[in-house]
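*Asks:* Listed here are the chains, written in short residue letters.
Protein chains: 4
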Amino acid sequence: MVTPLTARDTLDIAGLERLVERLVIGGVSGIFVLGTTGEAPSLSHRLRREVVEHTCRFVSGRVPVLVGITDTSIVESAQLAAAAADFGADAVVTSAPFYFPAGQPELREFIEELLPELPLPLMLYNMPSLTKTSFSREVVAWALGQEKIVGLKDSSGDLVYFRRMRYLAETARPDWSFLVGPEELLAETVLLGGHGGINGGANLHPTLYVELYQAAKAGDLTRTRELSARVMALSEAIYQVGKHGSAIIKGLKCSLSILGICDDFMAAPFHRFHEAEREIIRGRLGELGIAE
Amino acid sequence: MVTPLTARDTLDIAGLERLVERLVIGGVSGIFVLGTTGEAPSLSHRLRREVVEHTCRFVSGRVPVLVGITDTSIVESAQLAAAAADFGADAVVTSAPFYFPAGQPELREFIEELLPELPLPLMLYNMPSLTKTSFSREVVAWALGQEKIVGLKDSSGDLVYFRRMRYLAETARPDWSFLVGPEELLAETVLLGGHGGINGGANLHPTLYVELYQAAKAGDLTRTRELSARVMALSEAIYQVGKHGSAIIKGLKCSLSILGICDDFMAAPFHRFHEAEREIIRGRLGELGIAE
Amino acid sequence: MVTPLTARDTLDIAGLERLVERLVIGGVSGIFVLGTTGEAPSLSHRLRREVVEHTCRFVSGRVPVLVGITDTSIVESAQLAAAAADFGADAVVTSAPFYFPAGQPELREFIEELLPELPLPLMLYNMPSLTKTSFSREVVAWALGQEKIVGLKDSSGDLVYFRRMRYLAETARPDWSFLVGPEELLAETVLLGGHGGINGGANLHPTLYVELYQAAKAGDLTRTRELSARVMALSEAIYQVGKHGSAIIKGLKCSLSILGICDDFMAAPFHRFHEAEREIIRGRLGELGIAE
Amino acid sequence: MVTPLTARDTLDIAGLERLVERLVIGGVSGIFVLGTTGEAPSLSHRLRREVVEHTCRFVSGRVPVLVGITDTSIVESAQLAAAAADFGADAVVTSAPFYFPAGQPELREFIEELLPELPLPLMLYNMPSLTKTSFSREVVAWALGQEKIVGLKDSSGDLVYFRRMRYLAETARPDWSFLVGPEELLAETVLLGGHGGINGGANLHPTLYVELYQAAKAGDLTRTRELSARVMALSEAIYQVGKHGSAIIKGLKCSLSILGICDDFMAAPFHRFHEAEREIIRGRLGELGIAE
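Chains as they are written, first to last, in our numbering: chain Y, 1 to 292; chain F, 1001 to 1292; chain X, 2001 to 2292; chain B, 3001 to 3292.
Check before you lean on any hint, since a few could be wrong.
[Stated by the list, open to error] Straight-line C-alpha distance at most 25 Å; calculated DMTMM-like pairs for lysine to aspartate or glutamate:
#: 1; chain 1: F; residue 1: Lys-1148; chain 2: F; residue 2: Glu-1113
#: 2; chain 1: X; residue 1: Lys-2148; chain 2: B; residue 2: Asp-3220
#: 3; chain 1: Y; residue 1: Lys-217; chain 2: X; residue 2: Glu-2211
#: 4; chain 1: Y; residue 1: Lys-243; chain 2: F; residue 2: Glu-1109
#: 5; chain 1: Y; residue 1: Lys-243; chain 2: X; residue 2: Glu-2211
#: 6; chain 1: B; residue 1: Lys-3243; chain 2: X; residue 2: Glu-2138
#: 7; chain 1: F; residue 1: Lys-1243; chain 2: Y; residue 2: Glu-113
#: 8; chain 1: X; residue 1: Lys-2217; chain 2: Y; residue 2: Asp-220
#: 9; chain 1: Y; residue 1: Lys-243; chain 2: F; residue 2: Glu-1211
#: 10; chain 1: F; residue 1: Lys-1217; chain 2: B; residue 2: Asp-3220
#: 11; chain 1: F; residue 1: Lys-1243; chain 2: B; residue 2: Glu-3138
#: 12; chain 1: X; residue 1: Lys-2243; chain 2: X; residue 2: Glu-2275
#: 13; chain 1: Y; residue 1: Lys-243; chain 2: X; residue 2: Glu-2138
#: 14; chain 1: X; residue 1: Lys-2148; chain 2: X; residue 2: Glu-2053
#: 15; chain 1: B; residue 1: Lys-3217; chain 2: F; residue 2: Glu-1211
#: 16; chain 1: X; residue 1: Lys-2243; chain 2: B; residue 2: Glu-3138
#: 17; chain 1: X; residue 1: Lys-2243; chain 2: Y; residue 2: Glu-109
#: 18; chain 1: Y; residue 1: Lys-217; chain 2: X; residue 2: Glu-2109
#: 19; chain 1: X; residue 1: Lys-2148; chain 2: X; residue 2: Glu-2211
#: 20; chain 1: Y; residue 1: Lys-243; chain 2: Y; residue 2: Glu-275
#: 21; chain 1: F; residue 1: Lys-1243; chain 2: Y; residue 2: Glu-109
#: 22; chain 1: X; residue 1: Lys-2243; chain 2: B; residue 2: Glu-3226
#: 23; chain 1: Y; residue 1: Lys-243; chain 2: Y; residue 2: Glu-277
#: 24; chain 1: X; residue 1: Lys-2217; chain 2: Y; residue 2: Glu-17
#: 25; chain 1: B; residue 1: Lys-3243; chain 2: B; residue 2: Glu-3275
#: 26; chain 1: Y; residue 1: Lys-217; chain 2: Y; residue 2: Asp-90
#: 27; chain 1: Y; residue 1: Lys-148; chain 2: Y; residue 2: Glu-138
#: 28; chain 1: F; residue 1: Lys-1148; chain 2: F; residue 2: Glu-1112
#: 29; chain 1: Y; residue 1: Lys-243; chain 2: F; residue 2: Glu-1138
#: 30; chain 1: B; residue 1: Lys-3243; chain 2: F; residue 2: Glu-1109
#: 31; chain 1: F; residue 1: Lys-1217; chain 2: B; residue 2: Glu-3226
#: 32; chain 1: B; residue 1: Lys-3243; chain 2: X; residue 2: Glu-2113
#: 33; chain 1: Y; residue 1: Lys-132; chain 2: Y; residue 2: Glu-109
#: 34; chain 1: X; residue 1: Lys-2243; chain 2: B; residue 2: Glu-3109
What the hints contain is simulated information worked out from the structure, not anything from laboratory work.
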């Protein structure tokens, strides 16, 4: 879920409520706040807690809420996890600490040290392009032995890695959830037995991703191909307007703003699209049949 | 300066005082806290403020204190800068935000947005291996026009970059300070007109780096070569014991602990050296003539 | 196809014949020589021509032969393409030149300059981990307008890229072939409309990959999952024995040697597995039911 | 030395002669052909031999000739080394094989296997940005024990690495030559005891680099600074005109063409500068006082 903002350190609470409703009514299986698409590392710790608090209140138990606690400081991660439990969230999610690239034994020790601090189940979040470190085969093998760890979200875009990790977990932990990051790969992974995706595009068009998930899970190949092509069309139309790595989040927030759902203010170091780019997005939403 | 700790979120205040004294008496031109060697991103924001508070108190105006405010959240950076000014620090230092790799125009906008929040002069800190982004020629050219920005610390290890940026600043801002990161390059840069270095090894042996700086600045080539060889010997002896990128900080803290200056507790995701590595370090300190 | 060798610059011709038979009888749709798995860049140009000559002779028109002409010198690439045509090959394949990382306009110009030299159709080969350069959206868009270019083999492992390029070609060039590199992704790509894979594992067990391809193409999801799991099992068993990036080719050649198909001599900078690793491979072939 | 060409596979022999004269008369200590600046990997093997042949003929023993034999095929490297000896060259130079990134033990084995094939002394060439692999501390330590290996050219731009390797060799092999790649660092390295540089800019202005080398070696700090500033000025003026990594070689060849020394034809994948860029270069040569 994106984090609706109206100013540098100000949550767009009304926008957040509309967004949560859109997602829950759209049929999502859960809501993940404070991930990469949620710009979490760019938000103050105070605002991160505020996001969790209001999201949990708006969701009100209808679907599970997962909270990203990724931080470079284990103290801050633990504090956010405690807050998440207090507000009624269901699980926390952490990637590798992302300033110092930890060696793999150090990464294992980090998770080992974090676990007792967590009042909630933990999902690992593999995001090597931003954290510089992947959870290695050895660390995942260790994690499979930790009851409190319940799954892996893989945003590496490397499906060979995704398959290797699933293969590793198959007999050891059939209860683990394997969720894919890039939404363009939701169809592929679910067809082959993955458990779902955490898809930024669902902010904009939740039913598309929900229906694709259901079609792939049901093994309806024709429908899966058709919906997957629509996911590609949305990706091509909305995520390629900006020039930098921030183009995806900017495209999403701009779209949500055009649809009247929430403000498109971006946390630094990013800024919302200018009018020219906004006009492009507006036109493309029309072509995609995503009405205002 | 390393950050002495006795536990996960507990500052070793007595150790900090001994360390500050060692540095000031050793003749350093200034003290930089909360940099990479200071494990700043791994510390809670509360502890970061505590480091600044006590350091400023112990230094007590004898040398300038520079405070690293690098963070992924501009809100947290601004708050730390405000605290630094309150405690009496002299300047703040920021690298690029390091989770999202900002495009260069985004990086410029980030600094532009941060500047008015800062009650103190700003030094840029180029650290691409950890932030994924270098301050480009264009961004530095822009920064040269900002009165509040007063220099560049370059830890890229890329002296061609360092020289290019100095060349750029030569006529535009002769007042800028150009400080080099890797201490193994202090001699080279100062001989060619750089202004100094921010050297982790000075925690352990401040007079060595101070004397090397003075020799290079005075153009005493024989003495510069001799002292520079000793810097290399220290680097080879102390920084190569660990296996991961954390080896330098671990080696420094372990040495300081052996010398009785401060605790060697490391912030997660790192841990202090085990006894075997500690014995190696102890032996090497002896060989280097750095007495307990 | 791997390149069977008996010594540094000596082709294992009898082994090559057995391997070609195994593949053709196994039902492959074509044979690709002098790719990465074929260690092409490590072979002398003389030996490369010898590989093409004998392969074409042994295949004898039963399936198409594709020849890798990737080189850092356009002159050598063009000469190898001419030889390939003379020997009766069906198409040539080139990646980006891989010493100097060409800028994208330079990469387009390179292909543009190479095209008139080629007596055969050309397939592009995207292999950024080894060539440092990906064929960008703009270059692929240009290539879609070149009649002589007939497809893209993507070994990036990045299925989002693969899908984007297919999306781009969909209406412009429905005749293009999109083949995937990592064999672990054959199922995923073919289920979603990709055209097949160039799979190193087919050297060892051609029918497995052929049957998986057919099942996925037919939309038989149950069989696809079952066969894809066997591909993963082979990958885990055979490709993870060595420590370096060369582990895949070493595992394949070692297996083929154990099966009595061809020698496992490796071109420098690599060497065949030692006896200990060979024993591991032997045991795993047994577990996989791949009989000697 | 750049490789003067008049067409794709045609050496500019008259230009080569003028260039060699310029260098020898300019006072260089040796000539290195078929390096990165010589576009060696982009040339056919036939042309590479031709370059060696004519260079040796034109140099005629006045200074040592070093020949780059870097290739992805050990067979081609050995053949080029044999030709180099036949034509009278003095040493050969090789980087790591650059398609497959060799693991460090594989890299050592590669050099070990190459050594007996070489009729001439070998210098290692560290160029990780293009070969993906650095010669590790362990491999260099092994190389120090090989009599036939006589030095290291380091183009990594990482002076900490350069210093570490020099430190390693100090007592083991005081006869080794340590030469630096980026010419912008010639002053720094020679002042601290390095033995010289292999500087592309010397094609254009040999006396500048020769005089800088002599000043630094003599410890004349004032003159070193002054000449080093002129090297920076040349670098800023000539190497920043193009947009891609090829800008340095294009700038050099364009300058040499303007000066009437040799043709500026570039081997694919590169092309000479267009007229607009040529005009910029022409103007800057004037400003630098490098007359036509």
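*Asks:* Hint compliance check: list the failing hint numbers for this structure, sorted ascending.
*Replies:* Of the numbered hints, 2, 5, 9, 18, 19, 22 and 24 do not hold.
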